[in-house]
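S.K.: Now for the letters of each chain:
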Amino acid sequence: MEKTAAYRKDVYKIEAIDVNAFYGQFHALKGINLGMEENAVTALIGPSGCGKSTFLRLFNRMNDYIDEFRMKGQIRIDGNKIYNSYIEVEQLRKYVGMVFQKPNPFPKSIFDNVAYGLRIQGIRDKKLISERVEKALKQADLWSEVKDNLKKSALALSGGQQQRVCIARTLAVEPSIILMDEPTSALDPISTARIEDLIFQLKTEYTIVIVTHNMQQAGRLSDKTAFFYMGELIEHGPTKELFTNPKHDRTENYISGRFG
Amino acid sequence: MLRAKEYIIEKVLFLCALITILTTIGIILVLSIEAVIFFSEVSIIDFVTDTQWTPLFTKKHFGILPLLSGTMLTTLIAIAVALPIGLSIAIYLNEFSPKGFRKSIKPLLELLAAVPTVVYGFFALMVVTPFLQMIIPGLSGFNALSAGMVMGIMIIPFVTSLSEDALFAVPKSLREASYGMGSTRLQTSFNVTVPAASSGIIVSVILALSRAIGETMIVAIAAGQQPRLTFDPTVPIETITAYIVQVSLGDVQHGTLEYRTIFAAGITLFIFTFILNNISFFIRKKYQQRYE
Ligand SMILES: Nc1ncnc2c1ncn2[C@@H]1O[C@H](COP(=O)(O)OP(=O)(O)O)[C@@H](O)[C@H]1O
Ligand SMILES: [Mg+2]
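These protein sequences, in sequence, are chains W and G. Counting in my numbering, the first sequence runs from 1 upward without gaps. Counting in my numbering, the second sequence runs from 1001 upward without gaps.
Each hint should be verified, as a subset may be incorrect.
What the hints assert, rightly or not - With a straight-line cut-off of 27 angstroms between C-alpha atoms, the simulated BS3-like cross-links for lysine-lysine are:
1. W:152 <-> W:94
2. W:247 <-> W:30
3. G:1172 <-> W:102
4. W:152 <-> W:135
5. G:1172 <-> G:1106
6. G:1285 <-> W:102
7. W:152 <-> G:1172
8. G:1286 <-> W:102
9. G:1172 <-> W:151
10. W:72 <-> G:1172
11. W:108 <-> G:1286
12. W:147 <-> W:102
13. W:138 <-> W:108
14. G:1172 <-> W:108
15. W:152 <-> G:1286
16. G:1285 <-> W:151
17. G:1285 <-> G:1106
18. W:152 <-> W:127
19. W:151 <-> W:94
20. G:1099 <-> G:1172
21. W:203 <-> W:102
22. G:1099 <-> W:72
23. G:1285 <-> W:152
24. G:1172 <-> W:94
25. W:203 <-> W:147
26. W:151 <-> G:1286
27. W:108 <-> G:1285
28. W:81 <-> W:203
29. W:152 <-> W:138
These are calculated hints, taken from the structure and not from any lab test.
Using the sequences and the hints, build the whole thing.
M.R.: Structure, rendered in structure tokens:
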């Protein structure tokens, strides 16, 4: 992809421009240029250690906490540079939510987990909070299972349910973009299928970027796929095209190896 | 040859363990025997209900309540100082400070616990009390307030060190979840990290409490020697430990009822710290299970 200097919101929701990232001396991402479309699912694939998580965590500035981390280049979201001194990271993260690899609910009740993001925004209106909690749990396809047990600790739920609590918790803040870092890798096939259905529904309203090791999952869910290898973006394009007709040998080897 | 050496070392180690256990048993035995003799002469009901403690006067009263209130008062003041300061330091070290700072400040802080308590005692008496008298005009030269405050400073490292360990043990994934939803560092530590570490923090407070209850030198020097059933921190009081020191160093005849009062006081103290230590042990066991 050629560099896009001009702002083209009509095309890209998220855009990485000449991104290089380092952990100390280690060059983790090498000259990445990639645009991600609004209300679409973009899958990031590649062997482990190739930089997928590092790349994903750039979009909500989650790497900022790592001491020796540095990045060059720019990320634009809705055309705005997010690596900029006037960007408030807290605001950015309300707009760009994240779901992690291992379900990580807080040791609190289901309700308090989902209400967390609203409460830290200073929202005190009980009625509003419970409406938003209910809505988020419904969106996360969990409401019918937990509606009578909202006071129960989220830690008492199954792994798949915990991950859906985490998704609901992210949705409650009403983000526009959702980043998912291997959200089903710690789950059994049935829970995985439910979460995939969920992601499929969410993409009408949200822009989703998902890291996955599972090629079937990438194939089923995503509109676009980007293949990373050792810190480089080797190839990207519409998922179907990339899977059926990869341009690079590395991509082909990885995909065919993964499909087994 | 090597086997013989190992055998000897093993036996020596066993002996060391045995000595500790025997010492503990010995202490409990002596305390109990003397206390039993004491309670054969003084009714246990009087001991726990009488509001005066005057065993060294001609008109004798054996109510432990004044000593107990003195101990509780100084301990509560100490915790009121140590908990907010100790916990703030722990939170700061854990969430905000640069990595190198945390490594260098912790041993420094632990030095606070290494200062001889007699130094703290005179610091309370000669520095803190005169200073407080400028703010609180009615303050006596001996009082629970300054002794308690200085004791609080002394136990800060207990609170900080254990709380910090507990905060450190909170999984990184919980912090990331909180940051990921747009929380600031402060919101994350108060809403997620501190609650998740609460059992460890409670343990730290209980151990600090039990340290404060047993503390002797500071209260003996700075709090006075007047058993008094009060919760007024500005007047002289006496704690259980200070009373034991007073009698041990005084000219009370061994084997008399007056002398045995220190064992009755001692066993009261022992029961309290024993209960506290067990509570903390219980919480710690539960909490270790949770993070494994
Ligand atoms: N905090 C870190 N400190 C140092 N190196 C890191 C850190 N996180 C990741 N790396 C390195 O950066 C590379 C990319 O990591 P990551 O983005 O997690 O890969 P992926 O998600 O594709 O498996 C790996 O080689 C990894 O060892
Ligand atoms: Mg990863």
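S.K.: With reference to the structure, classify each hint as holding or not holding.
M.R.: Hint by hint, here is what the structure shows:
Straight-line distance between C-alpha atoms of residue 152 of chain W and residue 94 of chain W comes to about 26 angstroms, which keeps the hinted pair within the 27 angstroms bound. For the hint linking residue 247 of chain W to residue 30 of chain W, the alpha-carbon distance of about 20 angstroms falls within 27 angstroms, and the restraint holds. Pair hint residue 1172 of chain G plus residue 102 of chain W holds up; C-alpha atoms about 12 angstroms apart against a cutoff of 27 angstroms. Between the alpha carbons of residue 152 of chain W and residue 135 of chain W the distance comes to roughly 18 angstroms, so the proposed pair stays at or under 27 angstroms and holds.
Note on residue 1172 of chain G and residue 1106 of chain G: the hinted pairing holds, with a Cα-Cα distance of about 21 angstroms set against a maximum of 27 angstroms. Of the supplied pair hints, the one linking residue 1285 of chain G and residue 102 of chain W holds, its CA atoms being roughly 26 angstroms apart against a limit of 27 angstroms. A distance of roughly 23 angstroms separates the Cα atoms of residue 152 of chain W and residue 1172 of chain G; the hinted pair therefore holds under the 27 angstroms criterion. The hinted pair formed by residue 1286 of chain G and residue 102 of chain W meets the criterion: a straight-line CA distance of about 24 angstroms does not exceed 27 angstroms.
Between residue 1172 of chain G and residue 151 of chain W the alpha-carbon distance is near 25 angstroms, which keeps this suggested pair within the 27 angstroms criterion. With a C-alpha separation of about 26 angstroms, the suggested pair residue 72 of chain W and residue 1172 of chain G falls inside the 27 angstroms cut-off, and the hint holds. Among the hinted pairs, residue 108 of chain W with residue 1286 of chain G is consistent with the structure: their alpha-carbon atoms are about 17 angstroms apart, no more than 27 angstroms. Of the pairs offered as hints, the one joining residue 147 of chain W and residue 102 of chain W holds, with about 24 angstroms between alpha carbons and a cut-off of 27 angstroms not exceeded.
Restraint check for residue 138 of chain W and residue 108 of chain W: satisfied, since their Cα atoms lie roughly 19 angstroms apart, inside the 27 angstroms limit. For the hint linking residue 1172 of chain G to residue 108 of chain W, the alpha-carbon distance of about 16 angstroms falls within 27 angstroms, and the restraint holds. The suggested pairing of residue 152 of chain W with residue 1286 of chain G holds, with an alpha-carbon distance near 19 angstroms, which does not exceed 27 angstroms. About 25 angstroms separates the Cα atoms of residue 1285 of chain G and residue 151 of chain W, which keeps this hinted pair within 27 angstroms; it holds.
Proximity of residue 1285 of chain G to residue 1106 of chain G is assessed by CA-CA distance (about 25 angstroms); at most 27 angstroms being required, the pair is judged to hold. Taking the CA atoms of residue 152 of chain W and residue 127 of chain W, the gap is near 20 angstroms; set against the 27 angstroms cutoff, the hint holds. With a C-alpha separation of about 25 angstroms, the suggested pair residue 151 of chain W and residue 94 of chain W falls inside the 27 angstroms cut-off, and the hint holds. A hinted pair counts as satisfied when its Cα atoms are at most 27 angstroms apart, and residue 1099 of chain G with residue 1172 of chain G qualifies at roughly 15 angstroms.
Note on residue 203 of chain W and residue 102 of chain W: the hinted pairing holds, with a Cα-Cα distance of about 22 angstroms set against a maximum of 27 angstroms. For the hint pairing residue 1099 of chain G with residue 72 of chain W, the CA-to-CA distance comes to about 24 angstroms; that is within 27 angstroms, so the pair holds. The hinted pair formed by residue 1285 of chain G and residue 152 of chain W meets the criterion: a straight-line CA distance of about 23 angstroms does not exceed 27 angstroms. A C-alpha spacing of about 20 angstroms is found between residue 1172 of chain G and residue 94 of chain W, which places the hinted pair at or below 27 angstroms, so the restraint holds.
With a CA separation close to 25 angstroms, the supplied pair residue 203 of chain W and residue 147 of chain W stays within the 27 angstroms bound. Pair hint residue 151 of chain W plus residue 1286 of chain G holds up; C-alpha atoms about 22 angstroms apart against a cutoff of 27 angstroms. Between the alpha carbons of residue 108 of chain W and residue 1285 of chain G the distance comes to roughly 21 angstroms, so the proposed pair stays at or under 27 angstroms and holds. For the suggested pair residue 81 of chain W and residue 203 of chain W, the alpha carbons sit about 24 angstroms apart, so the restraint of at most 27 angstroms is met.
Straight-line distance between C-alpha atoms of residue 152 of chain W and residue 138 of chain W comes to about 17 angstroms, which keeps the hinted pair within the 27 angstroms bound.
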